[in-house]
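*Asks:* Assemble chains B and C onto chain A, guided by the hints.
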Amino acid sequence: MSLLEVRDLSVTFTRSGQEPVRAVDGVSFDVAAGQSVGIVGESGSGKSVTSLAVMGLLPSRGVQVGGTVTLDGNELTDMDQRALRDIRGRDVAMIFQDPMTSLNPVVTNGRQLVEVLTRHAGLSKGEAKAEAEQLLRRVGIPDPVRRLGEYPHQLSGGMRQRVMIAIAIACRPKLLIADEPTTALDVTIQAQILDLLRTLVAESGCGMIMITHDLGVVAGLCDDVHVMYSGRIVESAGTKDLFARPSHPYTDGLLQSIPRIDDDDPADLLHTIPGSARDTVAWDRGCAFQPRCARAVAECLSGPPAVTELGTPIVPHPVRCLRPVGQDVSLHEGNVAR
Amino acid sequence: MSVNEVVAGEPGGPAPAPTEAAARPPSSLGREALRRLVRTPMAVVGMALIAVFVLVAIFAPLIAPYSPTDNSWLDQVRPGQYPGPSAEHWLGIDPLGRDVFSRIIYGARQSLLIGVVALALGAVAGIALGVLAGAFGGWVDTVVMRFVDIMLSVPGLLFAIAVAAMLGQSLTSVMIAIAVVNVPIFARLLRGEMLGQRGADYVLAARSLGISRSAIVFRHVLPNSFTPVIVQGTLTLALAIVEAAGLAFLGLSGSDPSAPEWGRMLTDAQETLTSAPMLAIYPGLAIVLAALGFTLVGESLREALDPKFRR
Amino acid sequence: MLRFIVRRLLLLVPILLGLSVLLFAWVRALPGGPAQALLGERATPEAVAAIESQLGLDRPLWEQYLQFLGRAVRLDFGASLQTGQPVIDEMVRRFPATIELALAALLIAVAVGIPLGYLAARRYGTWIDSLAVTGSLLGVTIPIFFLAYLLKYAFSVELGWLPTAGRADPRARAEHPTGFYVLDGIVTGNLGASWDAIQHLILPALALASIPLAVIVRITRASVLNVVNEDYVRTAEAKGLLPGTITRRHVLKNAMLPVTTVIGLQLGVLLAGAVLTETVFAFAGVGKFMADAIVQRDFPTIQGFILVIAVVYVVINMIVDLTYGLLDPRVRVS
Chain A
1 MSLLEVRDLS
11 VTFTRSGQEP
21 VRAVDGVSFD
31 VAAGQSVGIV
41 GESGSGKSVT
51 SLAVMGLLPS
61 RGVQVGGTVT
71 LDGNELTDMD
81 QRALRDIRGR
91 DVAMIFQDPM
101 TSLNPVVTNG
111 RQLVEVLTRH
121 AGLSKGEAKA
131 EAEQLLRRVG
141 IPDPVRRLGE
151 YPHQLSGGMR
161 QRVMIAIAIA
171 CRPKLLIADE
181 PTTALDVTIQ
191 AQILDLLRTL
201 VAESGCGMIM
211 ITHDLGVVAG
221 LCDDVHVMYS
231 GRIVESAGTK
241 DLFARPSHPY
251 TDGLLQSIPR
261 IDDDDPADLL
271 HTIPGSARDT
281 VAWDRGCAFQ
291 PRCARAVAEC
301 LSGPPAVTEL
311 GTPIVPHPVR
321 CLRPVGQDVS
331 LHEGNVAR
Chain B
1001 MSVNEVVAGE
1011 PGGPAPAPTE
1021 AAARPPSSLG
1031 REALRRLVRT
1041 PMAVVGMALI
1051 AVFVLVAIFA
1061 PLIAPYSPTD
1071 NSWLDQVRPG
1081 QYPGPSAEHW
1091 LGIDPLGRDV
1101 FSRIIYGARQ
1111 SLLIGVVALA
1121 LGAVAGIALG
1131 VLAGAFGGWV
1141 DTVVMRFVDI
1151 MLSVPGLLFA
1161 IAVAAMLGQS
1171 LTSVMIAIAV
1181 VNVPIFARLL
1191 RGEMLGQRGA
1201 DYVLAARSLG
1211 ISRSAIVFRH
1221 VLPNSFTPVI
1231 VQGTLTLALA
1241 IVEAAGLAFL
1251 GLSGSDPSAP
1261 EWGRMLTDAQ
1271 ETLTSAPMLA
1281 IYPGLAIVLA
1291 ALGFTLVGES
1301 LREALDPKFR
1311 R
Chain C
2001 MLRFIVRRLL
2011 LLVPILLGLS
2021 VLLFAWVRAL
2031 PGGPAQALLG
2041 ERATPEAVAA
2051 IESQLGLDRP
2061 LWEQYLQFLG
2071 RAVRLDFGAS
2081 LQTGQPVIDE
2091 MVRRFPATIE
2101 LALAALLIAV
2111 AVGIPLGYLA
2121 ARRYGTWIDS
2131 LAVTGSLLGV
2141 TIPIFFLAYL
2151 LKYAFSVELG
2161 WLPTAGRADP
2171 RARAEHPTGF
2181 YVLDGIVTGN
2191 LGASWDAIQH
2201 LILPALALAS
2211 IPLAVIVRIT
2221 RASVLNVVNE
2231 DYVRTAEAKG
2241 LLPGTITRRH
2251 VLKNAMLPVT
2261 TVIGLQLGVL
2271 LAGAVLTETV
2281 FAFAGVGKFM
2291 ADAIVQRDFP
2301 TIQGFILVIA
2311 VVYVVINMIV
2321 DLTYGLLDPR
2331 VRVS
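Residue numbers (this note's numbering), protein chains in the order written: chain A, 1 to 338; chain B, 1001 to 1311; chain C, 2001 to 2334.
Hint data in this document are derived by calculation from the structure and do not stem from the laboratory.
Don't take each hint at face value.
To be verified - As a list, the in silico DSS-like pairs of lysine-lysine whose alpha-carbon atoms are at most 25 Å apart:
{"hint": "1", "chain 1": "C", "residue 1": "2253", "chain 2": "A", "residue 2": "125"}
{"hint": "2", "chain 1": "A", "residue 1": "129", "chain 2": "C", "residue 2": "2253"}
{"hint": "3", "chain 1": "A", "residue 1": "129", "chain 2": "A", "residue 2": "174"}
Only chain A is shown next, with the shape it has when bound in the complex (with noise of 0.2 Å):
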C-alpha cells in the first residue's frame, strides 16, 4: 500500500445559473514514501485544484468532490474538517507558489512559524521557538534569531519561500505538497530552493507531489510524473521514461518546447503548441487536447479517448491517446514523419 492514494478523484465546480466545471475528472495515482511525484500541466489544466483536494481545502460551497483520497490508510475524503484540520500541517502540508503572498504581512515570521508546532507537535511556546530556530537553520536561513522576530516583508522572495518551506516540514509531515513553489522566484533562486525540497525530502523519506508547469523542475526532482490535460491526466511514467518516450502528442509539445542550444537547425530552436488551453473539447465528446493535436484524426472526436498502455505491469506508461506518438506505424495516415 502506498502513502498517497487517489482513486477517481473529480472536482466540480456548480455556480448557480451556470454550467457546472469539471476541473478534475477521474484522476487517480499514487505516492509512496521517500517518492516525488510530479504533475505537470499548464494554468487550467487542473493541478492545482488536484493538490488542494488533497488538502481538503477546496470550499464547501459550489464545489463537488468525487473519488478517493487515502493517506496511510485514512480516507481523507471521508473525513469533516474537523478531524482535517488534525491531519493538515501534521501529516500533510504544503507549500504554495508565491511566498509574497502566502505570508501574513502582519505577524512575524517566528509566530507564523511557532504556530504550526503548538498546534500540531504538542510544544510549548518557548520549546517552539527552539524548535524553529533550528528549522530555520536547516532550511538554510543566516542569523535565525533575528529572522524569527521579523516580518515577512524584511526577507528576499527566495527567503520566505525558505519560511514557508520551513512552516511547511515544521512537524516532518508524511507528505509534502509543493505546489509551483518556484515559479514566482529568481531563475538563481530556483535552483537552490528546488535543492532544498531534494534534500529534505531524501533525509526525512516523506512523500513528495511537486506541482508544476516546468518540465525542467521535474526532470531532476521526481520518480514518476503526470501530465494533466483539462482535468484529466493523458500520461504518467517513470521521469526517465517520459523524457525518453514522450507519448502522448501533449507531452511531446511541451517537450518540444523546451529550446534546445545543442540543436544545428535554428528553425527547431523553439517549438509551440499551437492554440490555447481555451481550445478545448469536454472529455465526454472526445480528446481534449484534439483542437491543438496535429496528429488529430476523426475518431478522436467519438467519445472519450482509451487509455492505451505502452509500457509493462512493472513498469506501467499509460497514455490517454488514440494515435500516440512514435506508436503510429499502423495507422493509415496523418503526419507520420514529424
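*Replies:* Chains B and C alone, transformed into the frame defined by chain A:
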C-alpha cells in the same frame, strides 16, 4: 474627509492598481458593466426609484392635485389636530392648511434641482483641480493637493454650513455650499486615478510612440479615469439630497419659507412630532427613497466596474 | 518612530495655517463684513464704523490676518453674540457633553459594526449579508435628524422607555465635577445619576451612530472579504490551525487595518453630526450651541467651532495614521 468619501472610497486601500487599469478595454467594460448592472436586483430597484423620483419632479404639476402653496384648508386645522389622509388629501393637511401630498410631489423638483446643480458644480470644479494636479504634477500638484487637504480638514457638513451661512439664505447658496464640499473629493479621486494611469502600460506605449502629453492626457488617461467619477457622481447626488435636508434643519435653505422642500417640511414637522408624526414620516421617507435610489445604483455600478468582483 | 511623529506634526502646520487663512477670508466675506456680523443686521452705520476701527478693520489686510492668527492661537474667538461670554468658555463648558455623546455613538458603531460586517462577509451572499448591506445603505441615506425623530417618537413618545430630551433628569440632584455626566456619577458615588445620564445618551447616540455604523459595517465586510481570499489565509488553513486562531491572527489582524483608518475619520463626522442630533434631543453640547449660533447668526461662535473641530479632526487623523503605523509593520519600517 467627509462621509461621502469614506463610503465611496475603495475598501481598504489604494485606487485600482495601474496594471488592472491597463488591462481593461474601456468600451467593452462599459457595456459589460451595464449588462451586469441590469442583472443585479439592487441596481434595478435603485433605477426604478430614480425613475420615479425624476418623473415625479418633471411632471409635478400634472401629478399634484393642488398647488403646493395653496392654504385654502386652513379652516380644517386645529392646534394639535391635523386632518390625516382622506380622499381629497391623500396624505392629509399640514398645520398651515396645505395639501401634504402636493407638497411632497413638488418637493421632488427642489431636491432634484439641488442635487443636480450641486453635483455639476462640485464635479466640474473638482475634476478641473484633479486634472490640473494629475496632468502637471510637480509644484502644481503640491499646491492643489495642499489646498484639497485644507478643505478636507473640515468635516463636510460643517464646511457646507460655513459656506451657506456666508452666502446667506437662498437656494443658490445651499447648492454652492453642497457643491464646495464635493470639490476636494472629486479632485482627489481624479488625481489618484490619473496618477495610477500615468504609469499604466498603455500610457508608456503611447509615450514611446511620441504622442504629445496633452494628447495622452485628454485622449487616453482622462477617459479611462472617468468610471470612478461616474460612481462617485451617483453617490454624490444621494448625499446632496441628504445634506440639503441637514442644512434646511439648521435654517439654511431657500429664502421662501412656503416653498415645498422636503428638508424644511421635515424640520417643521418637529414641532408637531407628538401629535402628527406622519408629517415627519412623509418627507423623511421621500428623502430616504430618493437618496437610496442613487446610492443603490452607485454602489451596484461600483461593484459592476470593479475587476475584483467580475466573474 | 519619533521622526515619523515629528514629520507628521510638521505636515499639520501648513494645513492649519491654510485653514486659518480660509476662516479669515470667510469672516471677511460674511454679508456686510465682520462688523455687521458682530452687531447683527439692524446695526446703525455709526456703530458699524466704530466697531470697524475698534477691530482694526481699517488697517492693512495682512496686519489684520496676523492679529486674527494671534488671537486664534490663543483660542480667543471673541464673545458669543448669543450669551456675550467668550466663545471659548462657552465651548469648553459644553465640550464634555459632546465628547460623551460622540464616544457613546462611536462605541455603538464599533461594537455593532465590526461583528456585523465580519458576519456579513463570512456569510457572503446569504440573507444576513443582504440585511447588513441594505441596512448600511439605509444608514448613510437617512438624514440623521430624521432618524433622531423616529427614535424619539418611538421610544420616548409612544413607548415611554427613554427620556425625550436633555442630558439628565432636571429633578435629579447631581454634582458634575468633570462635566462627563456618566463619569460624574461614578466619581461622586452617585450611580443612579450615571444610569440616568446613560438613559439620556442612548437615543441621541443611536441616531448619531447611524452613519459611522453603516460605514464601519461596509468597510469591515469589504476588508474581510478581501482578506479571506488572501493566500496567507489559505496557508493558515493548510497548517491545520483552529478556526479561532485563523480568524483572530490571520483574518482580523489584517482586516482591521482599513477599519482603523475609517474609525478615526468617523470621529470628525460624529462631531459635525452632533450639531443635528443634539438639537433634536435638546442635548446641551457644543453641537446644539453651534446650531443655535447658525440660527442666530452668531458668527464668532461659528468661526470658533469650525476651527476647533477642524483642529480636533486633523489631530485625530494624525493619531490614526500613527496607530496604523503601529499595527502594520510594513508602514513602520518605511
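*Asks:* If a hint holds in the structure, say so; if it does not, say that too.
*Replies:* Here's how the hints hold up against the structure:
1. Between residue 2253 (chain C) and residue 125 (chain A), the direct Cα distance comes to roughly 20 Å. Compliance with the 25 Å bound is thereby established for this hinted pair.
2. Proposed proximity of residue 129 (chain A) and residue 2253 (chain C) is supported: the alpha carbons are some 22 Å apart, at most 25 Å.
3. Straight-line distance between C-alpha atoms of residue 129 (chain A) and residue 174 (chain A) comes to about 22 Å, which keeps the hinted pair within the 25 Å bound.
When the structure is compared with the earlier hints, no violation turns up for any of them.
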